[in-house]
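Hey, can you work out the whole structure from these sequences and the hints?
As they're listed, the protein sequences go chains U and E. In terms of this note's numbering, the first sequence opens at residue 69 and continues consecutively. In terms of this note's numbering, the second sequence opens at residue -7 and continues consecutively.
Since the hints were made in silico from the structure, they are not lab data. Glycine residues also receive a C-beta, built at the ideal position from the N, C-alpha and C atoms. Any given hint might turn out to be false.
Straight-line Cα separation of at most 20 Å, PhoX-like style, residue types lysine-lysine; simulated pairs [to be verified]:
#1 U:K235 <-> U:K268
#2 U:K504 <-> E:K288
#3 U:K235 <-> U:K259
#4 E:K282 <-> U:K504
#5 E:K169 <-> E:K18
Per the computed footprint, the stretches of chain U lying under chain E, defined by three or more beta-carbons under 8 Å from a beta-carbon of chain E, are [stated by the list, open to error]:
#6 116 to 130
#7 434 to 442
Stretch by stretch, here's where chain E covers chain U in the computed footprint (C-beta under 8 Å, at least three residues) [said to hold, decoys possible]:
#8 91 to 102
#9 342 to 349
#10 475 to 485
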Amino acid sequence: MSAVAQDSSMSDSDAAETVGRFDNPALMRRRRREEVRFQAYGLIAIALGMSFLVILFGTIIRDGWTAFFQTSIELPIKFDAAEIDPDGTRNANALAQANYQKLANQALYGQLGVDPSSRAQRQAANALVSRDVDSQLRAMVASDPKIIGTTQNVWVLASGNVDAFAKGKIDRELPQENRQISDQQISWIDKLTASGAMEKSFNTGLFTNTASSQPETAGLAVALLGSFYIMLIVVLLSVPLGVAAAIYLEEFAPRNRITDIIEVNINNLAAVPSIVFGLLGLAVFINFAGLPRSASLVGGLVLTLRTLPTVIIATRASITAVPPSIREAALGVGASKVQSVFHHVLPLSLPGIITGTIIGLVQAIGETAPLLMIGMVAFVVDVPSSPLDPATALPVQIYMWATEAERGFVEKTAGATIVLLGILAVMNILAMVLRKRYERKW
Amino acid sequence: MSLSALLFCLLLAAMVAFVIGFWRAKRLSPDNPRAVHSRPGYHGGYLALWTALPAILVLLVWSAVEPRFIQAEVESNLPAQVLEGSEGQIGLAMGVVRSVATGLERLTPAEVAAAKASPKEAQRLFESKGVVIATPPNAVVIASAEELNNIRHLSRLAKTAVAAFLAIFGFIFAFRKLSPNLRARNRVEQVVILALMAASSVAIMTTVGIVLSVLFESVEFFKHVSIIDFLTGTIWDPRFASAGDAGGQGQFGLLPLMWGTLYISIVALVVAVPIGLLAAIYMSEYAHPKVRATVKPALEMLAGIPTIVYGFFAVVTVGPFLNFVGSEIGLVIQPTSVLTAGIVMGIMIIPFVSSLSDDIISAIPNALREGSYGLGATQSETIKRVVLPAALPGIVGAILLAASRAIGETMIVVLAAGIAANLTLNPAESVTTITVKIVSQLTGDLEFNTPQTLVAFALGFTLFILTLGLNVYALYIVRKYREQYE
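Next comes the structure, spelled out in structure tokens:
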């Protein structure tokens, strides 16, 4: 047996072949195969991890990009005075109660040449337009009663099924009984598309509409605003509190048992399941302090506590990175300890603090479970005007849509997910750019 | 004045005080500014702090105590027959009194007189002002409401007076102290350090708050259900009691939920540990530094994706895919199952294993590797026989942290694990977890003091203890190990 010293860099294969166990080439071959296999395992593991990432993003983008477009139908709608306002009083109540659905349906019959006496045909045609078309027309009349008696060309939303068909999510080749759209309806859709009366356009409603039970008119307005309020509260509270706590622990705190406990406590707090923070919010902010349920204020407070450890840990890291010579120089020219920290250390560690804060915010904006606990799962129709009003948040809206039974919501959910991931991506890139730009090597 | 208006006024007063202090300090020793101990800004700050801080502190304490005090006062004057009722009835009566009080505030004196004369008229009047009351308020209720309004009014007046007194007194006190010898800077800095200390105690208070609130409600729960039944019960059937049906006690057995939680976490670890560990080994031992610099953050992205996104991914992609695979090989895999939730959760925790393990493996001193090479070992043999054993405690710590993450994860299991509390070994069936049940017991309109809702806090407490134990142990291992090579 000849134990021969091996070169430490095994990638140097010549060296590996000439040295080693000369007396047993089979063993050497096995060992070398083992080496290659082991490297391959590592590569496979990385490839698997990366492919999960690609599949995740891929399927969500595939399912969701169409949510940013929406099919509408142009109809010449006759705002019939006899139908909307039979008394001619222009009373707002009467105008609000008129049957606008009927107006849209009649315009549709005219456009498609539907036989109004056939009940089946009427129903098939009615199913083409969204069930929320009445609120669109009602709003038009309410804002301008003068259009009563005239005929206007209006783009109305197509129903969820028509939208799905136009986007190719319902297969035309399937037998009629297996798809949600009949042959008759397909021929109408083709006719409308050919005449230019059916088009896909950018779906602004996704960002401006509020809760709805119809997928085609459901939007993210409440969720976006709710998330915005929550972010605002988290920034306003967690940054001052977190930075102050970090400064104290890093610069002023005496090294004793209490400081140790605080440190261990902060590290553990960062790993407490987020749902437990939700329970805390429910018990303390809602039951004890009597704050309103479903309000973004409570959501912001809970998520502030959730992000606080992250901000503290990031700030401490960037404060430690400032070399002691800076502090000593400040103290040397007569500054007090507080002055040296606030005039020199803090400004120098600012880039790190900002990056850490953004990362904490990214965490907070994707948090769902604690918000479920404090009642932010709500069907909110009115846009919240203050953080005290009921609201939802972006991830909660995704949860609510993901549990909706109706098929059209799958596309909506994926669309909302893209919006959420987009916001996160922008914030992460911002943090990265800031870090690259201002990072200082001491 | 309302609290926010008072606070605003105090801030304004503080600003004025600052300017006065600044101006005064400049004139303390105009010929020789160096004779003054502190810079003018600190004198301003000193004056501002004395003006606003005592008043603000008193106001905050007052506002926190006030509602409870007023409630107790009004409650004690309620008629005896109400006070004999249950806690819920008293609460209900107080609710009515409170709405009536809001209503009375909005009425004109003439309308108040009319409301007192006739309960029906009072109800109509309140409704016209936007306060809806279920039953016409009788004279006793209106009297209580008036008392409530009176106390509130008095308290508000007193609050304003106390705040004004404290602000003025503080200002005069501090102004008289301004002198060249005043150590204003030291005083202001003391306050600053106290404020920093208070901020760092928020983290402690959060923990205390979590423990207290969850513990308190759990104790409430254990008054209804014995702790032994909860910990050892094998049947989870909370049976939502319908209104008035007091006998509808369900069964609250923790074991099926605990089993579901652990089973899913085990599946997740089976997915995440091999992938994460092998990826970490490759990144730290084989990969070019540039490759590592791109792969590591890319894998960490997996941990940055919100869990709700994983949940949705599980429902629309992984569940149906597993179901399809199962039907191809003749197995029935339910769309929500241990496998679906476990695999997706495994993907999520890959970076917890890989990044931490990578750090730990990189921290192993090179001397160990070189010693092994010197004995003729190949690189993979060195890794398996020298590096990994040396890094083992740290890797175990990383895995435990990942496990604690998996146990506390909510959104993936809410969407992908199912809601039936099964005690099953079959990974193709659906189970439920502690977190799922916390969510399902607490969403919806529920009375807060039934065992059906309180059990969520007992579950939360169990979860907290479980994850805390894992974290503390894991951090202990990681820390102990790190010190070994430093």
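Subject >> Numbers of the earlier hints that this structure fails to satisfy, in rising order >> reply: The structure conflicts with no hint, since it agrees with every one listed earlier.
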